[in-house]
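S.K.: Let chain A serve as the given structure and place chains B, C and D on it in line with the hints.
Here are the chains, one letter per residue:
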Amino acid sequence: MIASLKKPEAPSDDKRWKIVQATMRRNGYSRNALIETLHTVQNSFGYLDEESLRYVAASLRVPLSAVYGVATFYHLFTLKPQGEHTCVVCTGTACYIKGTPELLQHIETRYGIKDGDTTADGKVSLLTARCIGACSMAPAVVFDGEMEGNVTEEQLDTEVDGWLKS
Amino acid sequence: MARQKLPPTQTLTMKIDDVDVTAKPGQTIQDVARDHDIEIPGLCYIDGLTIWGACRLCLVEVEGMRKLLAACSTEVAEGMIVHTDTERLRRYRKMVIEMLFAERNHVCSVCVSNGHCDLQAMAVQLGVDHVHLPYMNPDVKVDSSHDRFRLDHNRCILCTRCVRVCGEIEGAATKGVGGRGINARIINDLNMPWGDSQTCTSCGKCVHICPTGALVEKGTAAAEMKKHRSFLPYLTVMRES
Amino acid sequence: MTPEELEQIAVDQQEAENQLDHRINVCMAASCMSRHSEQIVKDMQAKLKDMGEKGEKTQVRCVGCMGLCSAGPLVEVDHPADEAAGKGPEKVMYRDISPEHAESIVNATVDGRTLPDLVQPTDIPYFTRQKRIVTENSGYIDPECIEDYIAAGGYSGLVSALTEMSPDDVIHEVTVSGLRGRGGGGFPTGLKWSTVARTDADQKYVVCNADEGDPGAFMDRAVLESDPHRIIEGMTIAGYAVGASKAYIYVRAEYPLAIKRLKRAISQANKFGLLGTNLCDTPFNFDIELRLGAGAFVCGEETALIASIEGKRGTPRPRPPFPASYGLFGKPTLINNVETMATIPWITRYGGEALAAIGTEKSKGTKVFALAGKINCNGLIEVPMGISLREIIYEIGDGIPDGATFKAVQTGGPSGGCVPADKLDMPVDYESLQEAGTIMGSGGMVIMDETSSMVDVARFFMEFCKDESCGKCVPCRVGTAQMLDLLEKMCAKSATQKDLDLLKELCDVTKACSLCGLGQTAPNPVLSTLHYFENEYMDSLQGEVTGVGAVPATETKAGAPDPTHEK
Amino acid sequence: MSSDTTPKPVTIATVWLDGCSGCHMSFLDMDERLIEIAPLIQIVHSPVVDTKQIPPGTDVGIIEGAISNEDDEAKAKKMRAACNFIVSLGDCAVTANVPSMRNVFDKQECFDRAYHENADLQPANPDVVVPPLLDKALAVHQVIDVDLYVPGCPPPADAIYYVLSELLAGRQPDPLQLTRFGK
Numbered sequence: 001m002i003a004s005l006k007k008p009e010a011p012s013d014d015k016r017w018k019i020v021q022a023t024m025r026r027n028g029y030s031r032n033a034l035i036e037t038l039h040t041v042q043n044s045f046g047y048l049d050e051e052s053l054r055y056v057a058a059s060l061r062v063p064l065s066a067v068y069g070v071a072t073f074y075h076l077f078t079l080k081p082q083g084e085h086t087c088v089v090c091t092g093t094a095c096y097i098k099g100t101p102e103l104l105q106h107i108e109t110r111y112g113i114k115d116g117d118t119t120a121d122g123k124v125s126l127l128t129a130r131c132i133g134a135c136s137m138a139p140a141v142v143f144d145g146e147m148e149g150n151v152t153e154e155q156l157d158t159e160v161d162g163w164l165k166s
Numbered sequence: 001m002a003r004q005k006l007p008p009t010q011t012l013t014m015k016i017d018d019v020d021v022t023a024k025p026g027q028t029i030q031d032v033a034r035d036h037d038i039e040i041p042g043l044c045y046i047d048g049l050t051i052w053g054a055c056r057l058c059l060v061e062v063e064g065m066r067k068l069l070a071a072c073s074t075e076v077a078e079g080m081i082v083h084t085d086t087e088r089l090r091r092y093r094k095m096v097i098e099m100l101f102a103e104r105n106h107v108c109s110v111c112v113s114n115g116h117c118d119l120q121a122m123a124v125q126l127g128v129d130h131v132h133l134p135y136m137n138p139d140v141k142v143d144s145s146h147d148r149f150r151l152d153h154n155r156c157i158l159c160t161r162c163v164r165v166c167g168e169i170e171g172a173a174t175k176g177v178g179g180r181g182i183n184a185r186i187i188n189d190l191n192m193p194w195g196d197s198q199t200c201t202s203c204g205k206c207v208h209i210c211p212t213g214a215l216v217e218k219g220t221a222a223a224e225m226k227k228h229r230s231f232l233p234y235l236t237v238m239r240e241s
Numbered sequence: 001m002t003p004e005e006l007e008q009i010a011v012d013q014q015e016a017e018n019q020l021d022h023r024i025n026v027c028m029a030a031s032c033m034s035r036h037s038e039q040i041v042k043d044m045q046a047k048l049k050d051m052g053e054k055g056e057k058t059q060v061r062c063v064g065c066m067g068l069c070s071a072g073p074l075v076e077v078d079h080p081a082d083e084a085a086g087k088g089p090e091k092v093m094y095r096d097i098s099p100e101h102a103e104s105i106v107n108a109t110v111d112g113r114t115l116p117d118l119v120q121p122t123d124i125p126y127f128t129r130q131k132r133i134v135t136e137n138s139g140y141i142d143p144e145c146i147e148d149y150i151a152a153g154g155y156s157g158l159v160s161a162l163t164e165m166s167p168d169d170v171i172h173e174v175t176v177s178g179l180r181g182r183g184g185g186g187f188p189t190g191l192k193w194s195t196v197a198r199t200d201a202d203q204k205y206v207v208c209n210a211d212e213g214d215p216g217a218f219m220d221r222a223v224l225e226s227d228p229h230r231i232i233e234g235m236t237i238a239g240y241a242v243g244a245s246k247a248y249i250y251v252r253a254e255y256p257l258a259i260k261r262l263k264r265a266i267s268q269a270n271k272f273g274l275l276g277t278n279l280c281d282t283p284f285n286f287d288i289e290l291r292l293g294a295g296a297f298v299c300g301e302e303t304a305l306i307a308s309i310e311g312k313r314g315t316p317r318p319r320p321p322f323p324a325s326y327g328l329f330g331k332p333t334l335i336n337n338v339e340t341m342a343t344i345p346w347i348t349r350y351g352g353e354a355l356a357a358i359g360t361e362k363s364k365g366t367k368v369f370a371l372a373g374k375i376n377c378n379g380l381i382e383v384p385m386g387i388s389l390r391e392i393i394y395e396i397g398d399g400i401p402d403g404a405t406f407k408a409v410q411t412g413g414p415s416g417g418c419v420p421a422d423k424l425d426m427p428v429d430y431e432s433l434q435e436a437g438t439i440m441g442s443g444g445m446v447i448m449d450e451t452s453s454m455v456d457v458a459r460f461f462m463e464f465c466k467d468e469s470c471g472k473c474v475p476c477r478v479g480t481a482q483m484l485d486l487l488e489k490m491c492a493k494s495a496t497q498k499d500l501d502l503l504k505e506l507c508d509v510t511k512a513c514s515l516c517g518l519g520q521t522a523p524n525p526v527l528s529t530l531h532y533f534e535n536e537y538m539d540s541l542q543g544e545v546t547g548v549g550a551v552p553a554t555e556t557k558a559g560a561p562d563p564t565h566e567k
Numbered sequence: 001m002s003s004d005t006t007p008k009p010v011t012i013a014t015v016w017l018d019g020c021s022g023c024h025m026s027f028l029d030m031d032e033r034l035i036e037i038a039p040l041i042q043i044v045h046s047p048v049v050d051t052k053q054i055p056p057g058t059d060v061g062i063i064e065g066a067i068s069n070e071d072d073e074a075k076a077k078k079m080r081a082a083c084n085f086i087v088s089l090g091d092c093a094v095t096a097n098v099p100s101m102r103n104v105f106d107k108q109e110c111f112d113r114a115y116h117e118n119a120d121l122q123p124a125n126p127d128v129v130v131p132p133l134l135d136k137a138l139a140v141h142q143v144i145d146v147d148l149y150v151p152g153c154p155p156p157a158d159a160i161y162y163v164l165s166e167l168l169a170g171r172q173p174d175p176l177q178l179t180r181f182g183k
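Residue numbers (the working numbering), protein chains in the order written: chain A, 1 to 166; chain B, 1 to 241; chain C, 1 to 567; chain D, 1 to 183.
Okay, chain A solo, but in the shape it has when bound (with noise of 0.2 Å):
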């Protein structure tokens, strides 16, 4: 039997790689499920890794090059490990006006970490996202997930503080 007809069994017994398959399987393992398919990787596993990819790639029968074309051109999907922490600091329109910039500068300045960075000790990773449709509410943060508006560069730190102590 050519090894190819087979479904590639799934890189370890870590129980997150079911929540792949059934993404795929719901899909018909066909080869537009790439996007959800990562989606489901990243949400499982944090990000996407070489092993990761070969395996969906492997799954859906999408060349490799295409996977990785498509993990490296949306925004959303990551190729590195993010801190345990995530910061995700609007840009849009209306954010921008009423003071994102000043606000990353901040960081910056305070926690040494830019736009996709993290933090040395791997706490806090700062990220920033093109308008998350919280403009009445300028400048939004996200921090894990819990969007917060009209964000300080006090209230900034007290979070910020809190996940680096913690």
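Just so you know, these hints were derived from the structure itself, not from any lab. C-beta atoms are modelled at their ideal positions from N, C-alpha and C, and glycine is treated no differently. Watch out, some of these pointers could steer you wrong.
[What the hints assert, rightly or not] Under 7 Å between C-beta atoms, here's a sample of chain A residues computed to sit facing chain C:
(1) L76
(2) L79
(3) M147
[What the hints assert, rightly or not] Short derived list, chain B residues pointing at chain C, Cβ under 7 Å:
(4) L68
(5) I182
(6) A221
[Claimed, not checked] Simulated coverage check for chain A against chain C, where a stretch passes if three residues somewhere in it have a Cβ under 8 Å from a Cβ of chain C:
(7) 64 to 70
(8) 131 to 137
M.R.: Structure of chains B, C and D alone, referenced to chain A:
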């Protein structure tokens, strides 16, 4: 808009650069122009590969259309009046060539493809004697890991001819595009060194279809890399048979 | 589902409603939720439970966006008519509510009192000047409850279309309504539908574009979060009209709440027989699937969106062929955005003429705008087409905060432009906005006061376009990067007249030569600010000081500080 | 032929900035055609003649080489001020060519590599006599206005001859007939 359905035998009449020409339904402006020895510039289009429509050098003016249309991807229609070489188009094409020269580090004098490069030839054809855009000087790499070939991102114009020939003709799909926008790059598999690729068949089609010195054979010095293009006509012939 | 069954659900729901004395509606759209409206609901429900029997006749309901997001969390209490006191039914809105207010609001409501300190007046222009069609249910119904939607007349448009109208009739109504695509381009919706309907194919698709990517726009999000069934109904009607049996909603992954509510709505609709096979006992089948974006603005472009649904890189391809003839998986595909789809149920319910009666000659109906930036009433509004910018900004939006001066309003996001103060009396419709050098866009309006530098605003949008350029075509990939470099130079005041000339040249080439709308419109923010605020560009050039020994601009400023510049 | 009908020779200044001097060599490669041209022109300033100043009002200024340091920049500006017509000669002048290959690196990195990592004796940055390096090597037209571009590395003698004879005849030459980037 939905294309007008016409019986396949019907002949269309249209005008390209004030010459009355005939065309078959389903042909593109590019096809018809070539049938009548009218040359329209282009860098990403290759017969036999899917139409990419990205270099924008083959943009033409079609009377009655507000926007410029890419000759490679626009199907002809009865009575179409096309202008392929207006002052405006020449200006835009020059600028597109300049953009390509400014985007990466095309140092022709030391390039192995010097003198055998489509980008260089296009610059001469379109009268580009200097680049008035600021050079962007990106720090891009050279991948020499393959036994026989080299990928030099400095010379790449992202026409994706290599990606298409690799996926559509060779069937290896080793090459792809990673990243996006100004940071987009040609990649091999999961962006690994080309030499480590397990899918590459080393067929070399990507090298010879590449218009510039981005994909070359190793062991060539400046101006020595002549590309073998004699296989290109077969891309379509072999598919049709 | 028959018309009678639908009617019965509505009646039952109404009955249940009538059993109640009071209803407390708490906004559970993303903006208010981020300010703990979920906790408010929990606290209120707990309080009512504590009250025992007394609390049973009062219901706390989670509803969608009430619009005035800047005053959130918003709570609205429905008091019933009090015939003894000769009072009709009454609605009271409370603003800036926090969980600590929960108890007092519950207490007051149960007793039929109001809390004057917390009241948000609703007789202000912000509420009275709106005309709500797309957002008619927002803030009234529970978006997670299909019965609520049905009780508000939902799905009656679909059922009547399926049982009383032919597909052609439906398209006719949409054409008569004069509805134009609300995603930005303003293409006549009826024409789009009939093109897809006319194309023969074994399979056709309907796609709802919910990839609201414009920074500064959140209309679609509010609609998806507040009234998701409306989109499903609109799409199903569209599917019936054009002959499609399968549909996708392409929604941004950045909108988790919208995704959750859409998923729930789709499964409810399936359960109620409003999606699936043989709808209303007709041969019509219709399925909707969700597809999540992954953070790429360019996927708002039709062909890129299709590529993305197919699981590929979201790069556009040359058109023609248009998706109407060659779309998703190579099949004819109808693509409409959220707001367009959300208008459809209203058209089938009230007829095309009713929508055509609203708006201007060429722009019919209403438009939802998201007001953001330097404006007092931040939030969502729906207004008839043709209303003036002045009415929107100074009446509905209540003007500029802190006594600052209005400078410009940005519409159309990165594809649009800035409209200055002397154009404030311009009517808001597709043509007028285009004449003024901007576009309707999807409906973001970001208001700027005199502290905003227009060169910096142009730089902001160019940075956005550069980051979001897919990189496929040369003019957009290189042009946006080059223009951004020049604008950064200008913001740093190190540019020259030559740089400005080059910027104009790049605008021209990128606009004329780019493959898709992203590149073709990327220069718009520069062009419009250049047109109206060229002086700011001139000021941003280096060495523009006239005359030898002229006092540098900074010194004059220091000598006579302009109080309006102080924060 | 009386002396007043003899046309006044066209005055030409040339400078050699950051380049290999190959363009000047290519100029000399015109061989016997130099003799043909000689009576029609007068070289008023050049690396091959001994004048220190560029006389104001010079008809044609020919610049070889990229602009890599402050001295190059100053010379280019002087040429522009003194000459009525500036020719950017060769790829270094037209595109910054090989000198620009350092542009992807930081200036300091270049110094470190050249004067420290690769130095056998007394590693040190040059700080006297040597003009300060610019952050990036620039093409001539990025610093001053240029009237004619003659690409090539070097431009062939035929191209230079063609350009000069056209200019002498009062016509605008089209150098791309005979040369191009990298020729």
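S.K.: Hint by hint, where does the structure go against what was stated? Just the numbers, ascending.
M.R.: 2 and 6
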